[in-house]
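> Given chain U's structure and the hints, the job is docking chains E, Y and L onto it.
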Amino acid sequence: MSLSGELLAAGLLVVLAASCLLDRYLPRACLAFIAFALLMALAWWRLGAPWLALAEAVMGALLTGMALFHGLGRPGSRSPLPPRDHEGRPRHQAPVRWLAALIWLALAGMAVWGVPGSGEVAASAEVARRPLLVAGLAIMALGLWAFAHHHHLLRRLLAFNVLGSGVFLLLAGLAGPVVEVQGLILVGLMVALVGSVLGAALLRRLHALDGRVTLETGPETTP
Amino acid sequence: MSAPLDAPPSVEAVVLWLALLAPPLLGLAAWRLPPRRMLPVLLVGTPLPLATLWLLHRVSVGGGLEGAWSLAGLRLHWHLDGLAGLLLLLTQLLLLASAAYAVGHRRAAAVPERTFALFWPLLGGLAAALGLIWVAADLLTLYAALELMGLTAVGMMLLPGTGEALLAGMRYLLYALVGSLAWLLGVALLLGATGRLDLAGLAAASEPGAVTGIAMALLAAGLLLKAAIFPLHGWLVPVHASAWTPVSALHGALVVKASFFILMQLWQRLVPEAVAAAWLLGLLGSLAVLWGGLQACRASALKQVVAWSTVGQLGYLMLAFPLLAGTSAAVATLAWQATWLQLAGHALAKAAMFMAAGNLVLADGVSRLTDLAGACRQLPLALMTFGIAAVTLMGLPPSAGFTAKWLLLQAAILAGQWPWVVVLVVGTLLTATYVFRVFRCAFVEASPRHEVRPLPAGMDLVALLLALAALGLGLGAEWPLALLREEGMP
Amino acid sequence: MSDALLALAMPTALLWPLLLMLRVPLMAALADRGRPAALIDGLWCTAPLPALALALGVEEGALALDWWLFGGHWALDGTRNALLAVTALLWLLAGGYARGYLAGELDKAVAGDGGAEARLTRFALLWPLTLSGNLLLLVAEDIASFYLGFAVMTFAGYGLVVHSGTPDARTGGQAYLVMAVLGEGLILAGLLWGAGSAGTTTLGGLREGMGEAPGGAWMGLLLWLGFGVKAGVVGLHLWLPLAHPVAPTPASAVLSGAMIKAGLFGWLATLPLGEPAATEAFTWLGRAMLVAGLAAAIGAALYGVCQRHPKAVLAYSSVSQMGMITALVAMGLVAPALWPALSMAVVLFAAHHGLTKGALFLGVGIGEHPPRLPGWLLWTLLALPALSLTGALASGLAAKWAFKTVLYDGGYKVVVTWLSLAAVGTTALMARTLWCQWQADRQARQDGLEPLLSPMPLAWLATLLAALTLPWWLGDELVDQGWPPLAELPGLLWPLALGLAGSVATWGVARWRPLRVTRRLPPGDLWWLLVGGWQRLRVWAQGSLDRLGSVQGAWVAWWVARERDAIEALDGMTRGEGWLRRHAAVLMMGVAAGLALLMLFGTAGIGPA
Amino acid sequence: MSGALLLLATLGTSLVAAVVIFLLPERAFRARTGINLGAALVKLSLVAWMVWGLSHGREYVIEFPVLEGLAFVLRADDLGIMFAGLSSLLWLLTTIYAIGYLEDSPNRKRFFGFFGLCVASTLGISLAGNLFTFLVFYELLTLSTYPLVVHRGTSKALAAGKVYLRFTLTAGMGLMVGMVILHVLAGDIRFGEREILAELGPERRPLLVGLFWVLIAGFGVKAALVPLHGWLPRAMVAPAPVSALLHAVAVVKAGAFGIVRLVYDVYGIELSAELGLLYGLVVVASVTILFGSLRALAQQELKPRLAYSTVSQVSYIVLGIGLFGPLGTIAALSHLLHQGLMKITLFFCAGNYAEELGIHRIDELDGAGRRMPLTSLAFTVGALGMIGLPPVVGFLSKWYLGTGAIQAGMPWVIIVLVASSLLNAAYFLPVLGRLWFRPGPDHGVGAWPEERRLGRLETHGWLLVPAVATALFSLMAGMLAGMPFSPLEWATRVVNAEYLP
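Protein chains in written order, with full-length UniProt numbering: chain U, 1 to 223; chain E, 1 to 490; chain Y, 1 to 609; chain L, 1 to 501.
One chain only, chain U, in its complex shape (with noise of 0.2 angstroms):
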């Protein structure tokens, strides 16, 4: 592995995150999160996990992105969701999230900066999991930012995935694919995958119930 191939990697990661939770078209943004968890499974296989690629590739692509999907809502179907988000969000709030986030970034990367070379991580592993780990941060911090951001459910769905993805990264790039690893994400895997669908089954049933697609409630939802 080389670290060039890290690097476009990681990179890839981040702008297929930064695609998914940035665009308002959400049949796109669903799509961009399949295509982001099929590369994180990638990653995995290439990191010499072959069952958490395998597990990333069904759980997470696959199944998560039907659901996804099921939470939008065919076209044909009975009250799809609009396919375009159109919440928005008081824009002087905005610095405090970036704010947040950054903040958030900032500490985990202290974290990170402070751990390799304290343990039993193999030192020549360490190069090559350095993208994922700078890519892991900077796709946590992005679904932190995303989570806080979005009103719509299944953006912020998205964003929970999204930032889930990145936590793994990390959790992969700091301990390297030990065993511990892989059975802490593959729990993570899982979590997700019960929450995606249950959130989605849950946007579903809520939109069908009085049209909404986000938790806000009352007057104050849209300022």
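Worth flagging that the hints you see were computed from the coordinates, not collected in a lab.
Note that this is a predicted model, so its numbers are computed, not measured.
The reader is advised that the hints may include incorrect statements.
Said to hold, decoys possible - Derived list of chain E stretches under chain Y, where covered just means 3 residues or more per stretch with a C-beta under 8 angstroms from a C-beta of chain Y:
#1 218-226
#2 274-281
#3 291-301
From the three backbone atoms N, C-alpha and C, an ideal C-beta is built for every residue, glycine too.
Chains E, Y and L only, in chain U's frame:
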């Protein structure tokens, strides 16, 4: 978990795992054959707390039990000390009570049997998750159990299927997931730093420093979100207000506390000396007490009052952090006992209170406080239960809340940390304010009578028993506390 | 008398009236509705009889009751015997008199007047109760019993004063009660203080302890004034002229004859009279008492002659006479050496005044309802006690002679002179009384006479007799001065002559030109000033209370407004909850950041470790 | 029966009665009455048994640990049993009264249940052996009286209940904090272990003084010391038996009893005197006495007047405590009982007037003596006792207070006593005057506000008997004060045995 064992398991271990794994199986069985009466539920469930009692006895005689599983190269650790055993016992009792209550609730609220059948496997899953959390001794098991608990809890919250419940459940789901990711991030950092997942090894391998600190901060934030500590409590109240009564009871009593338990375990092992951060947690707890109390005073629906009271009461638990961080052994011992006694007392009382409130709402058919007028005449038992539970929440004698508050005060005064004394006093008065607000509404005599739906007697009885247990724990606190003291702190 | 017998006799004497009192509601309950029982019958009249027998039959004796209050201690001795005898006799005779006096009420009650029936029942109940209080205080040697007797007598006596229920009676009763409560307070203060410093529970111990205690004179002052309310010390006598005219005549008689003497007995029992060891301050107290006594003796006479109601005149005469007694008691403090002899004179004087005043009061009733006696006989009989009171006859003469000799021997001529001047006043008062009665009698004779054999005239005659013959039956040691030699008579009788002359002169002047002064001097003198002052005080206090109330109201309103504001602010705050709910994710990041910062930089510790 | 068992049985009697009453249906009038009276009688005899045992030197203790270094202690000592005797005697009478009073009114089950709890707490207070146990029952008392105060469920009653809770719960918190500080400072102090605090170093003295006042404030709310008395007159909206119990035995007495325990059994009278705490107590008590009397004078209704009178009278107990000396102590302890007897009489009578004739205001009382002679007689006895006239018990208290004040070198207290007596006379005598000497409806003047004719006697027998009985008790306890087992004798015994400095 059908993994090869390291050594032939001891009888205790077998009993423990049976007790842990029986509920999901029972839950699945109940899914297929939903129970229609309380008695079978009680009969089937009673062996579990008895087994735990026996285990506690063994623990008190021979010290804590521990062990490990090997699973595909992973070593998963568990241990059962006095604290875990007591919490397990508490969990089983509460689960049993809410299971029994749920049978009556289904009948009284006329929930379709098919809808309700889903409750049972979820309950079993929740029971297993909680049990695992108490006995888990490594982060992976903890993570898995935490997630299992969160998802089953969300599932149970969604069961009523109303718009409110779905909305609140959705919010809960999102925040619970994000909270666990924050926790996972912290775990990742810890794992990276030490390469260990088992708590004992982690405590031994970690050294205080920036990495541990940041990891704990991230992890704590996630857990605080899941534990609904101010200001991250926003999801709690809508969830409680819209869920079925046995579910709210379990959730308020146990689920939020599991997160607190994990946080406490890690904090004590990894950053016991982080005084300033502990004070921040104490401060958050204080704010929770105030905020929860004030909100409860202004809430207009009965279940909301109870839910807000949970927010406030959880704040007391947070006071443990500053009292344990960097204080003398005497203070720490006091605070340690106080915290778990408060947790247990609150769990019992809160469950009882939710059930009593549920009974009031269900029987009266109203949910607003002002509509409660005349309830004292028509539903004296439910109101009485509410009152007894409230005694514990207010921390008035002879309840567990009182004894816990006495210990907390003693610890705070001994440590010279006077702000917490003020918080305790103000919190008590706020609690009294909202509790007696309910009574003031219920005692009004001049009111139009409305029809009262008769409830199964067992529903009142279960709630009353729980409330009385919380009351009795006040003066009978010596036995559990002695177990705790013997065990010492991690 | 043996102790055992005494132990039986003394409680009997005290309980008998109470038993008779308890009989009243029983009788009332047993009587048919609408046919009230004759509550005041012969048996009822015998209430003081055991006490009288006790007083006359027992020389000395004491009885200890451990279970009673703080330990009861009842005793009989010379002074007590004399006063007890006179008191019991007067109550007995007045009780008999009351049978006749209240016959009219009974008739009304039988005729169906509920009010009359209630009044009658009340009288029948309270008369023996007052009596038992009066008796108890005379035999009590422990402070608690004494105070009990005094209080019972005082408060039960209120019922006798307001018997008729008219507005005048209400006023009189009010004056009586207000002054009595004031007196009780002063007595309680004095007793507590004295007994507390002496550490005793008996009157004897109190007397001895007080003489030497620091501040003893102040205790003495409290007790003097406290008992002085009852004894009509000047300034505290206000209730006498108001209560006497309105009370039923037999009640007036015992009020003035017996109950006033309770005040005197209080002084004798508590003040360290004749104690040579008493501190210097007591001498000053004695001087103050002396001045007050003489002022009362003369001032009351001057004011009294301007009264129009015979009972009011008699009440002022009581004030005047008690002033003289006060002056004599004061000599016990000023000149302790004289006291052994003087005390006899004081008791004699008190006994004489008690019975004689009783006779006079009963005589007022006789004047209003004259019996079938020839006019000259009736008027002689009415004049006899008057003359006796001025010191010209019988017991009066003996009493006057008794103290005069003692004072002369002690060298206090000035005091004697002042007392003689007071006697002039007494003469004038008596003349005025008889004049007023004459007026009433003329009116009454037109309305018709009543038979002699009714209880009223008989009781009156018996009282008269007892009063006049007092020195012969009361006890030898009290009259050891004997009778004055003829040569001393002019010295004793000139006040009478002077008083008579003055009265006749005034009468003459008044016939020529009517004196208006009587209109402007109402009975009760200072009381009306006090009432006026009290009214003004009340108006002022009401005003300030109202102001205070409005201030408090504003204060409360302010707090209520603040509470409302606080609740509004709270509601505003609770709306912040929505914000918290929406921003939980950001808040989680914030919390994590805060925790991490504190972990990294705050390890030194903000909080006290 | 062993000592511990006897204690538990005594405490349990009313507790069990309360629980059983809660379990009985509302209609079960006879069963409830039977249980009530039976339990009251059993308890009274158990307490009498303990009194007998104590006077023969028996010990009654039971304890178990609640926390490390903190025990739940029940112990019957002379002082405690005195209060227990009072509460069980008056419970019996009040129960009788309440049965008559609440006839045909709703929520009787709730009433009697909490009534039993209230008495159980009072008994617990009297038998508590340390501050922790005391606090447990003290707070329990607050809780169990609340439903009684708001029993009528009117908005006025609910408001009064709110005020009541505000005062008592805040005070309870203050008390708890103070007790915890004391616990931290000196460990678990059993009542009677006076040396623990006395032996603390001089540097602890200021803290002890501060703590003392915190605890006094905590007790003072229930004892209605000015300015913490605000709840008491408002609590008058409660039914008459509740007022009677509140004023005579349970709540105000609990506060006063707490002060007694604090001064005599925790700090010790000598330490309190050394720290200069007693003088402050005397001043507070004097102010309360006079203030209460003055306020009572201004009331136009009977029950508020009695309420303010309570404010004034309960402070006699505090005053007696403050007078460092045996006589003052005797006064304090005996007044604990005396005031209970007299005040409960007055409240019973006030309740009788209200029930039978609908009388609430004082000026409606004209001539009531003729209509209700026995009630009025009982009222007269109580009122005269309050004024401090012999032979009613009030005189004894006043006497010992006065002489105690002289002994303590505070003669000015006598002025307070006399002024209070005069004020008492000023607000009670007009009432008596109206009762007996004014013509009223029975003399053909006017009409009663709401006459009900509850029984063949002047009113319902259940209402009449307790009032007359307590009046008799207060009369007899005064007249026979020298007899053994009279309140005064017992107080003297307590003082001689334990508190003589």
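> All the hints need checking, so say for each whether the structure fits it.
Hint by hint, here is what the structure shows:
1. 218-226: Per the Cβ count (6), the hint holds.
2. 274-281: holds (count 8)
3. 291-301: It holds, with 4 qualifying residues against the three required.
Checked against the numbered hints given earlier, the structure satisfies every one of them.
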